[in-house]
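*Asks:* Sequence:
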Amino acid sequence: ASTGSTSRPCTAARCRSDSASPVKLLCTADLHYRLPQYDWLVEHADEFDVVVIPGDHLQVIGAAPLEVQIVVISKYLRRIADHTLVLASSGNHDLDGPGVTGEQETGWLQSLAGERLVVDGHSNDLDGTRFTVCPWWDGPLTRQRVDEQLAADAVDRPERWVWVYHSPPSDSPLCVAGPDKQFPDPDLAEWIDRYEPDLVICGHIHQAPWAPGGGWIDRRGATWLVNAGHQPGPMPAHVVIDLDGRSAEWVALPDRELVKLDQ
94 ASTGSTSRPC TAARCRSDSA SPVKLLCTAD LHYRLPQYDW LVEHADEFDV
144 VVIPGDHLQV IGAAPLEVQI VVISKYLRRI ADHTLVLASS GNHDLDGPGV
194 TGEQETGWLQ SLAGERLVVD GHSNDLDGTR FTVCPWWDGP LTRQRVDEQL
244 AADAVDRPER WVWVYHSPPS DSPLCVAGPD KQFPDPDLAE WIDRYEPDLV
294 ICGHIHQAPW APGGGWIDRR GATWLVNAGH QPGPMPAHVV IDLDGRSAEW
344 VALPDRELVK LDQ
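Okay, so the sequence shown: first residue is 94 according to the working numbering, each after it adds one.
Check each hint, because a few of them may be wrong.
Said to hold, decoys possible - What follows is a list of derived Cβ distance ranges for each label pair:
1) Val-193 to Ala-315: 30 to 38 angstroms
2) Arg-171 to Gln-300: 26 to 34 angstroms
3) Gly-221 to Val-193: 17 to 25 angstroms
4) Val-161 to Ala-245: 18 to 26 angstroms
5) Val-165 to Gly-190: 16 to 24 angstroms
6) Leu-351 to Val-193: 39 to 47 angstroms
7) Pro-325 to Gln-237: 21 to 29 angstroms
8) Asp-337 to Pro-272: 20 to 28 angstroms
9) Gly-314 to Glu-342: 16 to 24 angstroms
Bear in mind the hints are in silico, worked out from the structure with no lab data behind them. All figures in this text were calculated on a predicted structure; none of them were measured in a lab. Note that beta-carbon positions come from the ideal geometry of N, C-alpha and C, so glycine has one too.
Can you build the whole structure from these sequences, using the hints too?
*Replies:* Following this line, the structure appears as structure tokens:
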């Protein structure tokens, strides 16, 4: 398993030299072993330059044994990567045992790392955008690895910088799960304030887009934040982001909303 951040050249299915061409992202999260939703991603992956899944691929309770889920989801992620570039980070449901630090990690996901499947601790540069995929951290040692990963990827950062990180930051509607119920990540908020990435793609809080006081999109300083939320059915809630067109569209039946990502 990889323990450091690596930057790779563009490897998307339709990588282009024309920097004016839009880079379109399909962002979803928290699929929790809903296989029809993975089927939907396989079917639609080649319509996008990048598919982003920031964590909780597995379902700890109420599904198949975790070792079975890992085999199945690993196959799905590779199938999606047959069509386009995939950015897949870990979430709290994806931990499978202690890593080299002694803290819980996702060795199964890290073992999938490849040119078209970018996972925890790795990064990828595509058409002037650096994508950094951060793991779910379980203690001070794995938190330190995320800190070091972001510091390394900040060096010579290109025109745009996008992070994939499971939990939303504090002081954001993206972490609101209901009245007087929030699950903030102050560490992510601190990192955002320090580095000011252009976009952070999150998940974790299923109810955020529909909860009173919640939302699917937010802005912290110069950084845009999105969390598609979680819904049942064959189509996952998702956000389509056009990086060059500077727009984000949230799609979650029966809801739909378009936001311009103005400077």
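*Asks:* Verify the CB-CB distance for Val-161 and Ala-245 against the hinted window 18 to 26 angstroms.
*Replies:* Roughly 35 angstroms apart at Cβ, these two residues miss the hinted range, so it is violated.
*Asks:* Could one say that the CB atoms of Arg-171 and Gln-300 fall in the range 26 to 34 angstroms?
*Replies:* With Cβ atoms ~31 angstroms apart, the hint holds.
*Asks:* Regarding Pro-325 and Gln-237, is the given constraint of 21 to 29 angstroms on their beta-carbon distance met?
*Replies:* Given range 21 to 29 angstroms: violated, Cβ gap about 37 angstroms.
*Asks:* If I claimed the Cβ atoms of Leu-351 and Val-193 lie 39 to 47 angstroms apart, would that claim hold in this structure?
*Replies:* holds (44 angstroms)
*Asks:* Could you tell me whether the CB distance from Asp-337 to Pro-272 stays inside 20 to 28 angstroms?
*Replies:* violated (39 angstroms)
*Asks:* Quick one: are Val-193 and Ala-315 within 30 to 38 angstroms, going by C-beta?
*Replies:* This hint holds: roughly 35 angstroms between Cβ atoms.
*Asks:* Given the hint of 16 to 24 angstroms, check if Val-165 and Gly-190 actually sit that far apart at their C-beta atoms.
*Replies:* holds (18 angstroms)
*Asks:* Verify the CB-CB distance for Gly-221 and Val-193 against the hinted window 17 to 25 angstroms.
*Replies:* Once the Cβ atoms are compared, 34 angstroms apart, the range 17 to 25 angstroms for Val-193 and Gly-221 is violated.
*Asks:* Gly-314 and Glu-342, beta-carbon distance inside 16 to 24 angstroms?
*Replies:* At 23 angstroms between Cβs, range holds.
Violated hints, listed in ascending order, are 3, 4, 7, 8; each of the other numbered hints is respected by the structure.
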